[in-house]
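**Student:** Residues 342 to 584 (the numbering used here) make up the sequence shown, in order.
Simulated from the structure, these hints should not be mistaken for laboratory data.
Virtual Cβ for every residue (Gly too), placed ideally from N, Cα, C.
Treat each hint with caution, since some may be false.
As the list claims (entries may be wrong) - In the PhoX-like style, the derived pairs of lysine-lysine whose C-alpha atoms are separated by at most 20 Å in a straight line are:
#1 K557 <-> K510
#2 K474 <-> K412
#3 K567 <-> K474
#4 K506 <-> K474
#5 K427 <-> K474
#6 K567 <-> K512
#7 K412 <-> K427
#8 K513 <-> K557
#9 K557 <-> K567
#10 K474 <-> K512
To be verified - Okay, the calculated beta carbon distance ranges per label pair:
#11 Q509 <-> Y421: 43 to 51 Å
#12 H391 <-> E568: 33 to 41 Å
#13 T462 <-> D388: 34 to 42 Å
#14 E443 <-> P467: 55 to 63 Å
#15 D388 <-> K474: 48 to 56 Å
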Amino acid sequence: MSGKKRGPKPRYEEEDVLEAMAVYFYEHMVVRKEDLSVFTMDAIYDDIQHDASQSILYRNVAFPKYSRMRKMLIDHLSAYGLYQEKERLTAAVASRIIETYEIDAEKEDMDVLLSSHYTLTTYGGPVITCIAKLPAVEALDTLARIESKEKQKSLTWSRINMLRKLCQKIKKRNADVILAVIPQYNKAIYLNQNGRIDKHINNINPLCDTLLFFVKDTPEGRAFVKEQKFLVFPFFSPEEELQ
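Work out the full structure, taking the sequences as your base and the hints as a guide.
**Tutor:** Below you can see the structure in the form of structure tokens.
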């Protein structure tokens with residue numbers, strides 16, 4: 342018998358492994374409508390591990406060998422009555438794991454936003470929340486004039502870009518009292534392809550008609566709110582460049 346010591350057995354977080362598999366099948370079979378039946382489960386398992394390695398949520402998950410995963414998955418499906426004894430473990434059978442999880446399609450997007458790649462700045466003081474209504478036509482016309490000689494206000498990306506710059510400019514001008522400025526979108530009002538205001542419901546191109554302000558609850562912040570400086574549009578002259 343060899344005197345070589347055996348290392349500790351790898352420990353797997355079974356729940357993380359199964360959840361990563363459920364998300365994989367949901368993404369590929371439900372969202373992308375891919376036909377995985379042409380692949381063996383060995384190949385699919387390799388792909389599951391590859392996808393997980395690229396994911397913010399599952400990149401640190403330790404995956405067991407195929408034989409261990411197979412038993413883990415069969416036991417899990419059996420517990421939910423989704424696997425019959427001696428049934429062949431195909432992609433279709435394995436994908437039943439989707440039924441055992443509530444999958445949030447936006448969960449990973451939010452985790453990317455809140456991941457360690459970003460710096461989180463906190464403010465511990467009290468905050469005043471204000472909503473300022475924009476005069477829609479004048480606001481967008483002014484923004485379009487500043488952004489470009491031609492009014493490209495019917496372009497979604499252009500409107501979003503202009504509003505982003507507007508919020509940045511307001512925040513920069515009043516950085517001593519304003520913590521954040523966030524555009525609020527009204528789904529009942531939007532700009533049509535001719536650049537005109539329309540008031541029918543449009544879930545794709547809603548128009549920003551208000552700005553949400555977070556103001557420091559300080560003497561200076563209260564004075565800023567009392568004077569209602571944020572209700573005056575524009576905050577800068579039309580000749581001033583948005584940079």
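**Student:** Decide, hint by hint, whether the structure agrees.
**Tutor:** How the hints compare with the structure:
Restraint check for K557 and K510: satisfied, since their Cα atoms lie roughly 17 Å apart, inside the 20 Å limit. Distance check on the hinted pair: K474 and K412 sit about 59 Å apart at the alpha-carbon level, beyond 20 Å; violated. Proximity of K567 to K474 is assessed by CA-CA distance (about 16 Å); at most 20 Å being required, the pair is judged to hold. A distance of roughly 17 Å separates the Cα atoms of K506 and K474; the hinted pair therefore holds under the 20 Å criterion.
Proximity of K427 to K474 is assessed by CA-CA distance (about 65 Å); at most 20 Å being required, the pair is judged violated. Restraint check: the Cα-Cα separation between K567 and K512 comes to about 17 Å, which is no more than 20 Å; the hinted pair holds. Between K412 and K427 the alpha-carbon distance is near 12 Å, which keeps this suggested pair within the 20 Å criterion. For the suggested pair K513 and K557, the alpha carbons sit about 14 Å apart, so the restraint of at most 20 Å is met.
At most 20 Å may separate the alpha-carbon atoms for a hinted pair to count; K557 and K567 meet this at roughly 13 Å. Proximity of K474 to K512 is assessed by CA-CA distance (about 16 Å); at most 20 Å being required, the pair is judged to hold. For the hinted restraint 43 to 51 Å between Q509 and Y421, the CB-CB distance of approximately 50 Å keeps it satisfied. At roughly 57 Å, the beta-carbon separation of H391 and E568 lies outside the given 33 to 41 Å, and the hint is violated.
For T462 and D388, the hinted distance range of 34 to 42 Å is satisfied, since their beta carbons lie about 38 Å from each other. Against the hinted window of 55 to 63 Å, the Cβ-Cβ separation of E443 and P467 comes to about 36 Å, which falls outside the hint. The beta-carbon spacing between D388 and K474, approximately 50 Å, falls within the hinted interval of 48 to 56 Å.
Checked against the numbered hints above, the structure breaks hints 2, 5, 12 and 14 and satisfies the rest.
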